[in-house]
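Enquirer: Spelled out, the chains give:
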Amino acid sequence: MSDRLRPESESTLAATAGQLLSELRESPPLTHCITNSVVTGFTANVLLALGAAPAMVDIVDEAGMFAGVASGVLINLGTPTPEQRAASLEAAAGAVATGTPWVLDPVAIGALPVRTALANELVASRPTAIRGNASEILALAGLSAGGRGVDATDTTDDAAEASLSLAARHGSVVAVSGPVDLVTDGVRLLRIANGHELLTRVTGGGCALGAVMAAFVGAARSTSADPLTAVASASLVYTIAAERAAVHASGPGTFAVALLDALAAVQPADLVASARVQESAL
Amino acid sequence: MSDRLRPESESTLAATAGQLLSELRESPPLTHCITNSVVTGFTANVLLALGAAPAMVDIVDEAGMFAGVASGVLINLGTPTPEQRAASLEAAAGAVATGTPWVLDPVAIGALPVRTALANELVASRPTAIRGNASEILALAGLSAGGRGVDATDTTDDAAEASLSLAARHGSVVAVSGPVDLVTDGVRLLRIANGHELLTRVTGGGCALGAVMAAFVGAARSTSADPLTAVASASLVYTIAAERAAVHASGPGTFAVALLDALAAVQPADLVASARVQESAL
Amino acid sequence: MSDRLRPESESTLAATAGQLLSELRESPPLTHCITNSVVTGFTANVLLALGAAPAMVDIVDEAGMFAGVASGVLINLGTPTPEQRAASLEAAAGAVATGTPWVLDPVAIGALPVRTALANELVASRPTAIRGNASEILALAGLSAGGRGVDATDTTDDAAEASLSLAARHGSVVAVSGPVDLVTDGVRLLRIANGHELLTRVTGGGCALGAVMAAFVGAARSTSADPLTAVASASLVYTIAAERAAVHASGPGTFAVALLDALAAVQPADLVASARVQESAL
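Chains as they are written, first to last, in our numbering: chain A, 1 to 282; chain B, 1 to 282; chain C, 1 to 282.
It is worth saying that the hints were derived from the structure and are not from the lab. None of the values given here were measured: they were computed from a predicted structure. Glycine included, each C-beta is placed from N, C-alpha and C at the ideal position. Misleading hints may appear alongside valid ones.
Stated by the list, open to error - If we take Cβ atoms under 8 Å as the criterion, some of the chain B residues that face chain C in the derived model are: (1) Ser37; (2) Thr40; (3) Asn45; (4) Phe66; (5) Val180; (6) Ala264.
One chain only, chain A, in its complex shape:
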């Protein structure tokens, strides 16, 4: 992979992200989340702060039909009870059948067998996007036994090849979270260098980004933005809000609160001013 920089891509992405953010706030995408019990409240608050409309519908006989009416769906495997596992499969099938874009977050797969099997089954349904840390993306690509729980023990660059391979195999956008976020659709590869270390000190710092991606792919349906742009926009908005929140934080507690305020306050012009994006030709 060469590292040819396309200097125009940074301002282009920031401008499009701003348009999607405005679109999202004007017509809040109904964002259907099946997510883990640790981060449900924080995830809903992140979506509400941003301007989206969260709905956590994670039971059998409701999740499938609801995926059909939602704007976007998140399936996060952090605490996959039997009921959630069945609901996740139902929701993925519902999303596929109706064309609702959906995001898979394969939390802590690799060493843990139940969620690994489920992630492998779900990814075969070709999610619109896959978000994880480097260890999870490597595990989903079949290249690693995964991390120890939700910690990434690999770097995002370690997962670059795996993310390209996953993207090509399943027709998905793959986003790898880390100090530099990596987003690829198998054709283009973007690196987003925004964000703040405090995001790793708040539970749901990564999981909520998966929900924001579901909201953005939902909001993008009424625009010409492709899934790569929508997913990268979500990452840009979220990580720039995190930078702005960190200014007001004196630790992880105040940071999480300030992040919600910053997500509600961040404006398209802030994205243009702060974006640090690099595109590599493959």
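Add chains B and C to chain A, keeping to what the hints say.
Expert: The following block gives chains B and C in isolation, referenced to the frame of chain A:
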């Protein structure tokens, strides 16, 4: 319905709400909550801040007996797993058998079949109070297919007739949350114009109010206050605390934190000073 | 029990607690939590703020193996669904088989039959530590019908004999939370007088301490600290952080946020400066 204003009702309600608030803080009502996984933590924190004693007991073979020893019970249908559905029916039966007042919050019913069937079964047991947004109240009254998830797509006034009908049919107090809250027992109808828009940007902003109502109907048992007054008092205390919190908020994150502080700090005199209540003769 | 004070124990414990805190931050212990749905997010945030690595793995066929790779395990019985009950037994067996230290938090046992039976089954596997309020410890020792939910209706001193008896019977360290925390291994008995009343106004104020104990017994494995010292160290760090947080709090909402900041900021020197510890000879 005429709109004859009873000017005395505002100060009367505020004074009684203050007495119930003092009673609640002196003898914290054990408030039994079966609620959704998104808002459990926030709901417990709201009750603790206010001065009540929350207990989330939502499993089969415990929920029924616990409803019998609790001061008040909340049954919220936001994420009704099979276990929670069985526990909800057990708790409702336990509350009815022992005379414990209980509150039903039929979250997102209408379009979602599992919770709609459960809500219809529970309401037949004549809850002391029912709290929802306009779309949920219309759906429970059989007058609408409901909203899209937890968003109300109807106004509280759209639900006025439905709330009167529900109240009369089940002997319940019905509370409709919105920019102006509406509370009726089928005979009297109160409108409470306190509150703040930021409550809609925090997950559990409405769900936690249902728990506060359960605490107030519990606290009212040792007083002469009727359920209508107890439910309206809960709404008044909660929405006035929200107004006070908004003064210190710079977004939804700081607002949610300030709301907990305000619930702990609000005093009877604040209610008298800030209440905006109107009573309509039917 | 005499009350002979050992004046050296206070500074000794504070110094060792500081060493364990530094060890924990250098090599974050993977802290496996099976805990209740009310406090999962707050618990994870407490561990992350402190510097530990939380992982909430609470499903069957994952909990057992994960207990084997974790540094420490917490089993909290606050909302024990059937799935969590089975996962708890699996995790305890996994911890015992592999020598992973584990903490049992028997939330609200006594009056509630399902969790009481489970606690009695789990305690027979000889947890490294048991944490509860006085009513829960009395109930686990078979000396009381327990409190009303998560409220302690007994004082820590009421539970002193019960804690010694439990500790001796199961080879466990027993920690009783209250205005003065009591920690014993059946041979030594420490009283820690740090803390703040606002901890009782935040849901998970006690439950998260159980997780911190699991992190500290995990961190202590690479040191010479015994379980009594590790558990008492956890209590000391947590309650001193609470005192520092209370300085910045204007109510329970700001306190919970400040507690997370304080857990991230607290340093070994702060422990030495603030510890209020008393040791009683038995």
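Enquirer: Could you run down the list of hints and mark each one as holding or not?
Expert: Evaluated hints:
1. Ser37: holds (6 Å)
2. Thr40: holds (5 Å)
3. Asn45: holds (5 Å)
4. Phe66: At about 7 Å, which falls below the 8 Å cut-off, the nearest Cβ of chain C leaves the hint on Phe66 of chain B intact, so it holds.
5. Val180: Hint violated; Val180 of chain B Cβ to chain C Cβ min 26 Å, cut 8 Å.
6. Ala264: Check passed: Cβ of Ala264 of chain B comes within 5 Å of chain C, closer than 8 Å.
The structure does not agree with numbered hint 5 stated previously, though it agrees with all others.
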